[in-house]
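J.: Mind docking chain S on chain G? Use the hints.
Each chain, letter by letter, is given below.
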Amino acid sequence: MKNILLSRWTLPVAGLVIGLVAVVVLWNAVRPHTFAGTVMQSLQPAYDFTLTGPDDLPVKLSDQHGKAVLLFFGYTSCPDICPTTLYEMRDMLDALGNKAGAVRVLFVSVDPEKDTPQRLKAFLANIDPQGRLTGLTGDLDTLNEIAAQYGIFFQKRPYNDSGGYLIDHTATVLLVDPDGYLRVVYPYGTPGADIAADVRYILSH
Amino acid sequence: MKSGWLWKIAAAVGGLLVIGVLWFTLARPVLVLPRMRLGPGYSLVDAAGKTVTSEDGRGKLTLYTFAYTRCAADCEPLYQTLQAIDSGLAARPARVPSLRFVTLTLDPARDTPEQLASFAMPFTPRSVQWTWLTGPEKTLKNVSGGAFEVLYQPRADGSVFFAPRYVLVDGEGIVRAVYDGAELNTARFLEQLDLVYEEIAQAQGAAKLAYEAAHFFACYPH
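These protein sequence lines map, in sequence, to chains G and S.
Anchor point for the first sequence: position 144 equals 144 in my numbering, and the numbering is continuous, going up by one each time.
In short: position in the second sequence from 1, add 1000, done, that's my numbering.
One chain only, chain G, in its complex shape:
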């Protein structure tokens, strides 16, 4: 009796299990990647710019073709948002492992008065001792032009009479794909691991 039951149910159950596994495998193979940020359908390459990088050497966005570029605008005296985001960028690079070489993180200063290339380098080395974060600066006019193109607002906000100031700024992180197109916009607070998953997807497609 037992053997009859087994023989009656074995095939349908096995078929059902195999079918479910097939559905899961196929769905994982064909489903679109779910991005952690807002995906853009950019028709034109991202706005190109040249700024001053480490050791006073020029860094041009379009020279990064073939790499995924993460752009973030901030400043070294920024009390919270910038360090938090940069630690997420470091975590993202860690999560990418050997793929991190195909990624460039560019931190564009919105405080050209204070943020020299040397200061930026020292600040970023504190966050990522492996030196994978690149600080960029330039003159205020150039930074205004670039920021406007990338939807970044920034404005100095004095907080005392002795010249102390903060800079209010947009805190989005922007992902430019290896072909030079703006692909994803991340709100402040997006975990580095989630961005790493997106970058991994973009690098493999």
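Simulated from the structure, these hints should not be mistaken for laboratory data.
C-beta: ideal position from N, C-alpha, C; glycine also.
None of the hints are false.
Here are the computed distance ranges between Cβ atoms for each label pair: (1) G/G164 with S/A1187: 52 to 60 Å; (2) S/R1070 with G/Y165: 35 to 43 Å; (3) G/H33 with S/P1077: 43 to 51 Å; (4) S/G1158 with G/D141: 22 to 30 Å; (5) G/H33 with S/G1004: 26 to 34 Å; (6) G/L166 with S/G1171: 20 to 28 Å; (7) S/P1077 with G/Y165: 42 to 50 Å; (8) S/Y1079 with G/Q155: 24 to 32 Å.
T.: Below, chain S without anything else, positioned relative to chain G:
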């Protein structure tokens, strides 16, 4: 035998997925406006001299236009279009977030906050907040000429030549539609605005996936 079952099931599932994708791209059950580019970041001032930044547009829908207060007849079609949109919105139930109009001056040297404050608005909006913004010439050049790609050129007589443009920016600061020309088909604009509203309303759960798929498969209105 088992292997045969597996292939049949896999083929059936694969076939259904292909049919599903084809149906989605051809029947286009979900339409979206593309996320074209980022709207500009800026800090400008309004007629009251109050600072208004691009961040103030977070979570709102904004229709940007470009004009100057002494524009007179050249700007009539623009004002009529904005009035028609405002009337169209006033005639139907309010939706969240409400649309706002932001007009960036093309003549910042003359359009000071005081000039904006004394400017007799061509109509009083019933449902839309309408703000004129001015600021340093360089900033406006970066914003209007640079990021919004509006063609404009001051003339010797003090007027400004410009190619009229309307730009719809969503609450994430992303340009969703650009309309060139002085006159905008109001009915078409309101239909497209509804697509953005629908997307905002459906931005949760499985529906969000359908909207992302619509972006992926470029299901845009004709």
